[in-house]
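Student: What follows is the residue order along each chain.
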Amino acid sequence: MAKFKKKTSASQDIPTSALPDIIFMLLFFFMVTTVLRETDLLVKQKLPLAEQLKKMEKKSLVSYIYIGQPKQTDRYGTEPRIQTNDVLVTPEGIVQFVNQEKDKLNEAERDQITMAMKVDKEAKMGIVSDVQQQLREANALKVLYSAVADAGAVQP
Amino acid sequence: MPRKKRGAAEVNAGSMADIAFLLLIFFLVTTTIASDKGLAIQLPPKQDPNEPPPDVKFNERNIFKVLVNSNDDMLVEDEPLGDVKQLRSMVKEFVLNYGKNPELSENPGKAVVSFKTDRGTSYEMYMAILDELQGAYYEIYSQKLGVDMKTVREINNAEPSVKDSYDDLKKEIPMAISIAEPSKATGN
Chain A
0 MAKFKKKTSA SQDIPTSALP DIIFMLLFFF MVTTVLRETD LLVKQKLPLA EQLKKMEKKS
60 LVSYIYIGQP KQTDRYGTEP RIQTNDVLVT PEGIVQFVNQ EKDKLNEAER DQITMAMKVD
120 KEAKMGIVSD VQQQLREANA LKVLYSAVAD AGAVQP
Chain B
0 MPRKKRGAAE VNAGSMADIA FLLLIFFLVT TTIASDKGLA IQLPPKQDPN EPPPDVKFNE
60 RNIFKVLVNS NDDMLVEDEP LGDVKQLRSM VKEFVLNYGK NPELSENPGK AVVSFKTDRG
120 TSYEMYMAIL DELQGAYYEI YSQKLGVDMK TVREINNAEP SVKDSYDDLK KEIPMAISIA
180 EPSKATGN
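Each protein sequence line maps, in turn, to chains A and B.
Under numbering that gives the first Met the number 0, residues 0 to 155 are what the first sequence spells out, in order.
Under numbering that gives the first Met the number 0, residues 0 to 187 are what the second sequence spells out, in order.
There may be inaccurate statements among the hints.
[As the list claims (entries may be wrong)] Partner residues aside, some chain A positions facing chain B, computed with beta carbon under 10 Å:
id : residue
1  : Ser10
2  : Ile21
3  : Leu26
4  : Leu46
5  : Glu50
6  : Leu52
7  : Lys54
8  : Lys120
9  : Tyr144
[Said to hold, decoys possible] List of simulated lysine-lysine pairs, DSS-like, C-alpha gap at most 27 Å:
id : chain 1 : residue 1 : chain 2 : residue 2
10 : A       : Lys54     : B       : Lys170
11 : B       : Lys169    : B       : Lys36
12 : A       : Lys53     : B       : Lys149
Derived from the structure by calculation, the hints contain no laboratory data.
Even for Gly, the Cβ is constructed at its ideal location relative to N, Cα and C.
With these hints in hand, go ahead and build the complete structure from the sequences.
Tutor: Here is the structure:
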């Protein structure tokens with residue numbers, strides 16, 4: 000028996016002293032790549048799938064318009080509604096919202112403002128087009144229909 | 000008198016990993032990765048009420064019509080089409096016809112894809128079709144430029160030489176997708 004014991008002289012422990020460093024690295028990665036959600040969503044959001052996605056280059060130029068069925072159906076009904084910032088608005092309120100957003104930018108960038116429309120899959124085109132008419136009225140002509148990458152699709 | 004031999008002074012760092020894990024999980028749960036991705040379009044400018052809309056005459060063959068009703072049924076070039084995925088190859092054939100087929104476009108510069116929905120059309124259907132229409136154009140561009148479609152979509156990040164040839168190509172084959180105002184057959 001003694002013969003066998005001699006052979007197992009190497010330590011069986013895995014060195015774990017570098018583990019905190021690895022975890023910290025992961026931690027920093029997630030801290031850098033993520034943003035805390037600024038607005039509370041009052042409407043349901045299930046974005047449609049699409050393949051031909053474009054990334055927004057300048058985040059400061061993007062403003063968000065949310066459209067979908069309200070979460071509190073007892074207060075706001077079941078018809079899809081429009082949310083800007085933290086409030087539900089009528090289509091007529093969009094112009095005011097766009098002007099507020101434009102005021103935040105400096106003068107040279109005002110024409111480049113992009114409205115990212117986050118529209119629920121279930122919504123109908125009627126409300127989307129109402130919003131677009133108002134955007135034309137407010138001269139915010141760049142629109143991005145937010146969508147989720149279609150994971151099942153083959154990317155050529 | 001010789002002192003007792005001691006091991007090197009060490010901070011117990013074993014629980015450090017646990018603390019870091021806790022933080023990590025907190026950030027994982029509370030954050031969402033920013034997903035500013037989507038289909039980009041440009042709206043037409045506001046119409047001047049004093050000026051009547053310009054009377055543009057299009058040759059019928061240069062327009063590729065896509066109509067969708069409130070039941071999400073599609074009508075492409077006056078014929079029903081069930082599968083959205085077929086649109087892409089149809090648009091490509093239409094745009095790159097160069098006058099061969101008398102039914103299709105005369106040349107890519109004149110070709111226009113007209114897309115009209117109803118107010119009752121679901122947004123999901125609208126996006127699916129728009130995705131295919133834009134995909135057709137991106138596919139044409141990527142084939143002509145010899146780069147992959149991702150490079151075409153994010154052309155501003157591409158090399159200047161590629162971007163220049165893309166700008167030239169866009170003059171020859173503009174991405175002419177016209178999105179009409181929805182009809183009011185069934186309002187909501």
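Student: Please name the hints from earlier in the document that this structure breaks, with their numbers sorted from lowest to highest.
Tutor: 1
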